[in-house]
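Enquirer: Chains as they are written, first to last, in the numbering used here: chain A, 1 to 310; chain B, 1 to 372.
You can trust all of the hints, since none of them are fake.
Think about it this way: if two alpha-carbon atoms lie no more than 20 Å apart in a straight line, the pair counts; the simulated DMTMM-like pairs of lysine to aspartate or glutamate are: (1) B:Lys335 x B:Glu357; (2) B:Lys163 x B:Glu239; (3) B:Lys273 x B:Glu57; (4) B:Lys34 x B:Asp284; (5) B:Lys335 x B:Asp353; (6) A:Lys118 x B:Asp47; (7) B:Lys34 x B:Asp93; (8) A:Lys118 x B:Glu57; (9) A:Lys143 x B:Glu239.
Partial pick of chain A residues on the chain B-facing surface, computed with a CB cut under 7 Å: (10) Ala141; (11) Thr221; (12) Ala263; (13) Gln266; (14) Ala267.
Think of the hints as simulated: they come from the structure by calculation, not from any bench.
C-beta: ideal position from N, C-alpha, C; glycine also.
Next come the chains, spelled out residue by residue.
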Amino acid sequence: MNLSTSNSAVGAIFIALLGGAIKTSTPYLFVSLGETLTEKAGRVNLGLEGTLMMGAVTGFGASLFSGNPFVGVLAAGGAGLLMGALHAWLCSFRRVSSIAVGIALMIFGTGLAFYLGKPLIQPQAPHLPAIDLGFWTTNPALKEALQINVLFIAGVVLAPLLAWFLASTRWGLILRLCGENVEAARAKGIQPERVRLLATAAGGFLAGIGGSFLSLYYPGTWTEGLSTGQGLLAVALVIFSRWNPLLCLVTSLLFGALGSLGAALQAAGLSQGFYLFGTVPALMALGLMILTSGKKRGVSGRPAELSVHT
Amino acid sequence: MIKKIVLLAAALTAGLGLIGCSHQSQQKASPGGKVLKIGFLYVGPKDDFGYNQSHAEGAAEIAQLPNVKIVEQENVPETVDVEKAMEGMIVQDGVSVIFATSFGYWDHVLKVALKYPNVKFFHCGGLYQADKDPPNVYSYFGYIEEGQYLNGIAAGYASKTGKLGFIAAKPIPQVLENINAFTLGARSVNPKATTTVVFTGGWSMPTQEANAANSLIDKGIDVITMHVDSPKVIVQTCEQRGVFVAGYHADQSSLAPKEYLTGAIWNWGAVYKTIVADIQAGKDPSHFIRGGMKDGFVKMAPFGPGVSATAKTKIESVLGKMMKGEFVIFKGPLKDNTGKVVIPAGTSEVQTDPVLEKMNYLVQGVIGSTGM
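Pulled out of the complex, with its shape left as it was, chain A reads as follows:
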């Protein structure tokens, strides 16, 4: 391999990673932002994989029947909102484990999505549009990588907005208070259960929208194998991101890029050991965990009320 072809191979891999980051990060981003909101209020919702699938199938169905993909996105958000509210309602009973409810709803949501989706495997629903930000380049690969979906842009805008909401608004403060010290919240006359209901429902809304991205844009179809665990991994991303919406954006982009590494390297002719490429995101996750936590530091940024027994 001479220098110029190896340069072009590196360039192609870089473009593929950029495209992968933009194309496949959106579900991670929406689910992790939603989960950040929920966890900041002191509740863990592990069921977002099920919410993601419900969002995907509802979004696809609504887009198909209305002919408008944005109706699909809203419907997906609505389905996610209901799933989130269901989680919060079940958790509002005393001595109910939110972890167990989350796992139950993950299985329930996935199963219900499969059931509702049976007639939707064959038809093709209208896709979400993309904005062409690659108009300035003649490189077809780069041009394709810069086809930016509206939901991706919405997610990029949402991340700082959410950070500002949590840090600088009265409602954000109330929400964080419920996550940090539930007794103090009660003393202030706040009803933590109500705040958590709203936060979990809003988190579900975002996760549902993340699902609609899968079925309405990339890969843009409804199949039962649509999610390869993005909803689960996104919950883990919240921990790497230290409950910080801006870091959620960074880690989502990183995991989107890493997920497309295997395909990019093989397309460039580097195929030895391709089984290992698939493990890179998981290795990365482990590495980040080891690097960012330690005996002394603990898991900084974690809302104090987050514990497995409430």
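Got chain A; can you put chain B on it based on the hints?
Expert: Frame of chain A; chain B shown alone:
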């Protein structure tokens, strides 16, 4: 407290039930005659534009036969789950014939077959060995690589760059056979053609398949084919980005009216009808059922607009030879892509040669590795 546990349990069972059970049965009985109950197990949804759909279409054909009742279950994982599903069909539905349609069911079929010697187990793709496998197990498969060879010819003519792409699930022998046959077909009309392979690592990975298609197209590849369970996403991506696509498993031409060249597709209905007729007549079917174009096990999808007249003539002439059983895809001298001779000059590995079902190399012209 109890109320909450009940609620939780209800949510759990409802969810699990919805995932597992799309257990449906269809029946067409005629007076007289004993009803033959047959169970079908699929690894994915049965309308996936791909592998599972091709089997379900075959099952639907035999469901129309008199005195046949079929029971189907979709989304059965290649784990101990398939053993439970098969036992459920035998014990609860009383089936006496089982079609286990996914390759990874093989070891589980062998296990359950020992327990139920009166049930006949037909497995798709396994390599039956009479000296060690139970006598109530049968293996069936089709030489679909003949179709991939013809796909390769169509691709070799259609490609402007001579760079072809193959998106595959896992490097098992049947997948490698398809990649090699496709490449040999393409190189028979364009000796400089290369095939770049991307393995996704799983039979149904829509996001990875879309990533693979986009990465290949970005590298200047202008014809793509595949061996994954549901080619829908790949075919749609090719149509959207304007590169040719050769299909696999089932006819996907409706998904890519502009770019679909042709496709290698299964014709399981014909296979299942013969097996059922044998059983109903009291004959013991062969334990090693194989066939290709000639036997009607596989066929080609109609040509799309991207196939030139020259390509059509060439494909039809090779297909004619296949129909007469005169065409050999794998013959020496043949080198693998590391330069090693895998079939010496003068040797022909005809389609029925079981050695082909142990293939572990990629031929010259393939860019990729078997991953070891």
